[in-house]
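Asks: Offset between the sequence shown (1-based) and the working numbering: plus 20.
Be aware that one or more of the hints could be misleading.
Unchecked claim - List of simulated lysine to any residue pairs, SDA-like, C-alpha gap at most 25 Å:
1. K150 / V132
2. K150 / D117
3. K150 / V72
4. K150 / F74
5. K150 / D126
6. K150 / T133
7. K150 / C73
8. K150 / C75
9. K150 / E120
10. K150 / V124
11. K150 / V78
12. K150 / V123
13. K150 / Q129
14. K150 / W134
15. K150 / R71
16. K150 / D160
17. K150 / E48
18. K150 / E131
19. K150 / R49
20. K150 / R70
21. K150 / I118
22. K150 / G47
23. K150 / A128
24. K150 / E121
25. K150 / Q125
Source of the hints: derived by calculation from the structure; they are not laboratory data.
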Amino acid sequence: MVLSVFSALLLLSACADSLTAVNERGGERIRTQRAIWEAQQLHSYVFETRRVCFCAFVGWLEVSVAGGTVQHVTALEEEDVPAWATADYPTVDELFDILEEAVVQDAAQIEVTWHASMGYPESFYIDYSKNVADEELGHDIRSLDPSN
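Using the sequences and the accompanying hints, generate a full structural model.
Replies: And the structure:
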C-alpha cells in the first residue's frame with residue numbers, strides 16, 4: 021500500500037514537472053521563432069487570419085499591415101461584418117506577444133504550429149486554465165504575403 025501511494029506521488033510529480041517544462045521550452049521556442057520572423061524584416065505584409073475562440077465573429081479576415089501597424093481588416097467570408105468585429109486584430113509581432121504572455125501566465129496548454137521558413141505562428145491554441153470554460157484562444161494564419 022505504501023509503495024503504491026509513493027508510486028502515485030512520484031508519477032504526479034513527474035507530470036507536474038512535464039507541464040512546467042512544456043511552458044518553459046515553449047517560451048524558448050517562441051523566442052527562437054520570433055528571431056526567425058524578425059530576420060525577415062517585414063514591416064508591411066498582408067495575411068489571412070481567423071480567431072479560434074468563444075467569440076462573436078470567427079470568420080477569415082484579411083489583415084493589411086504597413087509600418088508594423090494594422091492598416092485595414094477585411095472580412096473574407098461574410099459581407100455584413102460589423103466594424104467592431106474587425107477591430108483590434110493583431111499583427112504577427114502582436115501574435116508573438118500573445119504567445120509570450122501565455123507563457124508568463126503559465127497557461128495550462130500552449131500548442132503552436134510554425135511556418136517552416138518565415139518563423140511566424142501558422143496556428144496556435146492557448147488554454148489558460150483547464151478548470152475554466154471558454155477562456156481559450158487560438159489564431160490560424162494563412163497566405164502571408166510580404167509587401168515590403
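Asks: If you draw a straight line from the CA of K150 to the CA of R49, is it 25 Å or shorter?
Replies: Between K150 and R49 the Cα gap is close to 22 Å, so the pair holds against 25 Å.
Asks: Does Q125 lie within 25 Å of K150 when you go C-alpha to C-alpha?
Replies: holds, 13 Å
Asks: Sort out whether R70 lies within 25 Å of K150, counting only the CA atoms.
Replies: holds, 23 Å
Asks: Between K150 and E121, is the straight-line Cα distance small enough, at 25 Å or below?
Replies: Given pair K150, E121 holds - Cα atoms ~17 Å apart, limit 25 Å.
Asks: Between K150 and T133, does the CA-CA distance stay at or below 25 Å?
Replies: holds, 21 Å
Asks: CA of K150 to CA of V78, is that 25 Å or under?
Replies: holds, 22 Å
Asks: Between K150 and I118, does the CA-CA distance stay at or below 25 Å?
Replies: holds, 18 Å
Asks: Hey, K150 versus F74, does the alpha-carbon distance stay inside 25 Å?
Replies: Given that 25 Å is the threshold and the Cα spacing comes to 15 Å, the pair holds.
Asks: Does W134 lie within 25 Å of K150 when you go C-alpha to C-alpha?
Replies: OK: K150 and W134 at ~24 Å, within 25 Å.
Asks: Hinted pair, alpha-carbon criterion (25 Å max): K150, V72. Please report holds or violated.
Replies: holds, 17 Å
Asks: K150 and G47: Cα distance at most 25 Å?
Replies: Holds, at roughly 19 Å.
Asks: Is the straight-line distance between the alpha-carbon of K150 and that of D117 25 Å or less?
Replies: At roughly 22 Å apart (the allowed maximum being 25 Å), D117 and K150 satisfy the hint.
Of the numbered hints stated above, none is contradicted by the structure.
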